[in-house]
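J.: Now for the letters of each chain:
2 protein chains.
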Amino acid sequence: MPIRLDNATTDFASKFKAFLAMKREVAADIETATRAIVDDVAQRGDAALLEATEKFDRLTLDAAGMRIGEAEVEDAVKACDPATIEALKLARDRIEFFHRRQLPKDDRFTDPLGVELGWRWSAIEAVGLYVPGGTAAYPSSVLMNAIPAKVAGVERVVMVVPSPGGTLNPLVLAAAQLGGATEIYRIGGAQAVAALAYGTATIQPVAKIVGPGNAYVAAAKRLVFGRVGIDMIAGPSEVVVVADKTANPDWIAADLLAQAEHDANAQSILITDSAVLAADVERAVASQLITLSRAKIARASWDEFGAIIKVARLDDAVALANAIAAEHLEIMTADPEAFAAKVRNAGAIFLGGHTPEAIGDYVGGSNHVLPTARSARFSSGLGVLDFMKRTSILKCGPEQLAALGPAAMALGNAEGLDAHARSVGLRLNQR
Amino acid sequence: MPIRLDNATTDFASKFKAFLAMKREVAADIETATRAIVDDVAQRGDAALLEATEKFDRLTLDAAGMRIGEAEVEDAVKACDPATIEALKLARDRIEFFHRRQLPKDDRFTDPLGVELGWRWSAIEAVGLYVPGGTAAYPSSVLMNAIPAKVAGVERVVMVVPSPGGTLNPLVLAAAQLGGATEIYRIGGAQAVAALAYGTATIQPVAKIVGPGNAYVAAAKRLVFGRVGIDMIAGPSEVVVVADKTANPDWIAADLLAQAEHDANAQSILITDSAVLAADVERAVASQLITLSRAKIARASWDEFGAIIKVARLDDAVALANAIAAEHLEIMTADPEAFAAKVRNAGAIFLGGHTPEAIGDYVGGSNHVLPTARSARFSSGLGVLDFMKRTSILKCGPEQLAALGPAAMALGNAEGLDAHARSVGLRLNQR
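Sequence order for the protein chains is Y and X.
According to this note's numbering, the stretch in the first sequence is residues 1 to 431, in order.
According to this note's numbering, the stretch in the second sequence is residues 1 to 431, in order.
Looking at chain Y on its own, in the form it has when it is part of the complex:
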């Protein structure tokens, strides 16, 4: 049974607040264990990495065996269903098309004093891409992480993927090839994150690590943050569907379940001004649930975290959607654009009944790596800028220094930083 809220009830505000504060994931206390693995790899390199792989992935390798070579990738591609490969290629092309538009422009300008200012963007040289093993190994995620890096101009895109017991998903290797990964290693867990951050004899270090992983991977990313860059720590996924009576309840139910099937901690929320629609959606969810192969996961998610929020007027949904700050926001109303214009906090917006989130997950072209668990209040989905950095540029001549120098000296002196003031004063032949 999903959570039911109604903003016509008097205690709605406090109930909604409690709903927002609901924890869907308990942070495991694994930092000590993770730190031991990370430190061991940092100190002993390949030897520690291979031992951890033997222990956690039940896989005995030597240093040379960690690398997945081109021949192995080719064999994997041949083992895949050609129709799926074609679908991946379509996805690849569309993701690339979308992300090319995100390439930022450099700027250089001269202000009224004649000071030259500006900035220059450049790609990060080497990036690590973590890909989970097992059931969470999604080839689509490989594309979503690798392609923005390639579009940004990253030279080394180093993918790591654990192969527990030696098993690898061939589609993941196919996606790595299509996405342009430049190196692939069959390692995972905190040990792979450490290898990417510190480097080993076999694996050159990278400057940033992206991609989802389990709690150990997330903890390891937190630990190496600062030495290398990391992306957001991914939390459980969620969708909010805002709908009015014009929407199709079967379609909404299908979208809610598409979210719920990811993970028992996923969250699917319907906000509607129509009590009839709410009831129809709830019935449709129950009837569609039965036939899913991942029914158990989807049911756990829907029963514990699913929610139907009834609002008096559709406009009331704006503030709720902004407070929830959903990773995915689907708008199925008579005028979805009008509603979307009022939304400030959302990872991605899907407009109208013919834009199920699954299109965006795979082939829309926009990125499916999006801020989860209310983090859309302060962060964005993955994009080209995550693989670039900006260098600012400043250039004064003698006249500009003469114009700005006295103020800089005043501030340096006010902050008690004489050497700052003097570095200007010397050039102005003062003091």
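Please keep in mind that the hints were generated in silico from the structure rather than gathered at the bench.
Worth double-checking, as some hints may not be accurate.
Pairs count within a copy or across copies, as identical chains cannot be separated in the list.
What the hints assert, rightly or not - Computed cross-link-like contacts, SDA-like style, restricted to lysine to any residue with a CA-CA straight-line distance of at most 20 Å:
{"id": "1", "residue 1": "K310", "residue 2": "L320"}
{"id": "2", "residue 1": "K105", "residue 2": "R120"}
{"id": "3", "residue 1": "K78", "residue 2": "V276"}
{"id": "4", "residue 1": "K78", "residue 2": "G166"}
{"id": "5", "residue 1": "K17", "residue 2": "G45"}
{"id": "6", "residue 1": "K78", "residue 2": "E31"}
{"id": "7", "residue 1": "K342", "residue 2": "A323"}
{"id": "8", "residue 1": "K105", "residue 2": "G383"}
{"id": "9", "residue 1": "K17", "residue 2": "R344"}
{"id": "10", "residue 1": "K55", "residue 2": "L113"}
{"id": "11", "residue 1": "K342", "residue 2": "R313"}
{"id": "12", "residue 1": "K89", "residue 2": "L113"}
{"id": "13", "residue 1": "K23", "residue 2": "E304"}
{"id": "14", "residue 1": "K89", "residue 2": "R35"}
{"id": "15", "residue 1": "K105", "residue 2": "L385"}
{"id": "16", "residue 1": "K342", "residue 2": "S122"}
Guided by the hints, dock chain X onto chain Y, whose structure is given.
T.: Frame of chain Y; chain X shown alone:
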């Protein structure tokens, strides 16, 4: 005595590698203590915050007394030297001018299939700005953090600044007013970070926290990361000066010392192809050091971390500068633009002899919050984008869904996510 390296020596590569790996800061093991403070404020709110302020800042306040009101700010402004206020205003105007150019553009476009795609940028609603107390309270840093937030459109810019024993730097309050801070509280430490992240009865929570602080502040920011956004964890500052025989050794020495006076862990590095210049700079540093009010700090930094790297040819300095990835890179050569064009990793570049870093620290207009300790390899200085987030937009009609749907279904099925496939199939009247 600074470190001396010469790329004409046979062991240069290994010595440079060791130089890069040198740790300038030992991470204190204070996470447990910090976590206790953060958890206490998260649970008990104002009461815990006031107790921690009494304990750590020796300051007894009630909840209402935490807020610094407009009258107190006005009084502080009146207590400041008017010339310094004018310098802050010049800085404010120039920082605003520079950062306005960073405002990103939204995008919306239709692809050849008729799919509508795009993204929209919006400001984070509320941001916390941590300002250190004591000697590290720099009014210039208040401007550098607050102004990009205001330019981005952040409504609430909530400044916290500890006042140990009740002492506050009036210039910090003046800068807060000039920078547009909307609320100011006289609290600091891990307890202030927790209050900003979790909110208390007195302080509404924010969505992101920026600004430098001591080890406890940094540890607290790490702990609340995910619940709120944070900026980079600032490390010790550094400058690299690349110079040839055309450069003025006194000016270089002054710039090296301006960096060194910040902190005993700061690092000042000269890279030059001129042995004569190297010797002249070293002498000039020694002679200028004596007269600095912060001579003890500057000397500690120069003696332990200062470095002079002699290269055979100026072009050899490019790879070294990129490997060091300095926060600040000054180029004083016959053709600084030519050298700068080859640099990939640097927080900010200062071109030519008339652009001392101090101009950029105060009044150049570019941001002085820059990536330290080699993090310019993967991150950028603070800017307007740090206070905004991007929402992606996707819109299909029936025809676009028909065109893309089969590929999305193929990938959903290949990933074992039936409900994803069905959310598309239902709309296409399949299964």
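J.: 20 Å Cα cut-off: does K89 pair with L113 within a copy, between copies, both or neither?
T.: This pair counts as between: shortest inter-copy Cα distance 16 Å, intra-copy 52 Å.
J.: When Cα atoms must be at most 20 Å apart, do K342 and S122 count as within-copy, between-copy, both, or neither?
T.: The answer is between: 11 Å across copies meets 20 Å, while 34 Å in one copy does not.
J.: At most 20 Å between CA atoms: does that hold for K105 and G383 within a copy, between copies, both, or neither?
T.: Both: 15 Å inside a chain and 15 Å across chains, each within 20 Å.
J.: State whether the alpha carbon distance between K17 and G45 is at most 20 Å within one copy, between copies, both, or neither.
T.: Answer is between; shortest inter-copy Cα gap is 17 Å, intra-copy 47 Å.
J.: For K78 and G166, with the copy left unspecified, which applies at a CA distance of at most 20 Å: within, between, both, or neither?
T.: Within one copy only: 19 Å inside, 72 Å across.
J.: Is it within a copy, between copies, both, or neither that the alpha carbon of K342 lies no farther than 20 Å from that of R313?
T.: within (14 Å within a copy, 58 Å between copies)
J.: For the identical chains here, do K89 and R35 meet the 20 Å Cα criterion within one copy, between copies, both, or neither?
T.: neither (39 Å within a copy, 47 Å between copies)
J.: My question is about K78 and E31: at a cut-off of 20 Å on alpha-carbon distance, are they close within one copy, between copies, both, or neither?
T.: neither (41 Å within a copy, 50 Å between copies)
J.: Regarding K23 and E304, is the shortest C-alpha distance of 20 Å or less found within a copy, between copies, in both, or in neither?
T.: Within one copy, since 11 Å is at most 20 Å while 48 Å is not.
J.: First find the shortest C-alpha distance between K55 and L113 inside one copy, then the shortest across copies, and answer within, between, both or neither for a cut-off of 20 Å.
T.: Cα proximity of K55 and L113: none, with 64 Å in one copy and 49 Å across.
J.: What label fits K105 with L385 when the C-alpha limit is 20 Å: within, between, both, or neither?
T.: Both: 11 Å inside a copy, 14 Å across copies.
J.: Pop the pair K310 and L320 into one bin, within, between, both or neither, using alpha-carbon distances up to 20 Å.
T.: Answer is within: at 11 Å inside a copy they meet the 20 Å cutoff, but 61 Å across does not.
In summary, the structure is inconsistent with hints 3, 6, 10 and 14 from the numbered list given earlier, while agreeing with the others.
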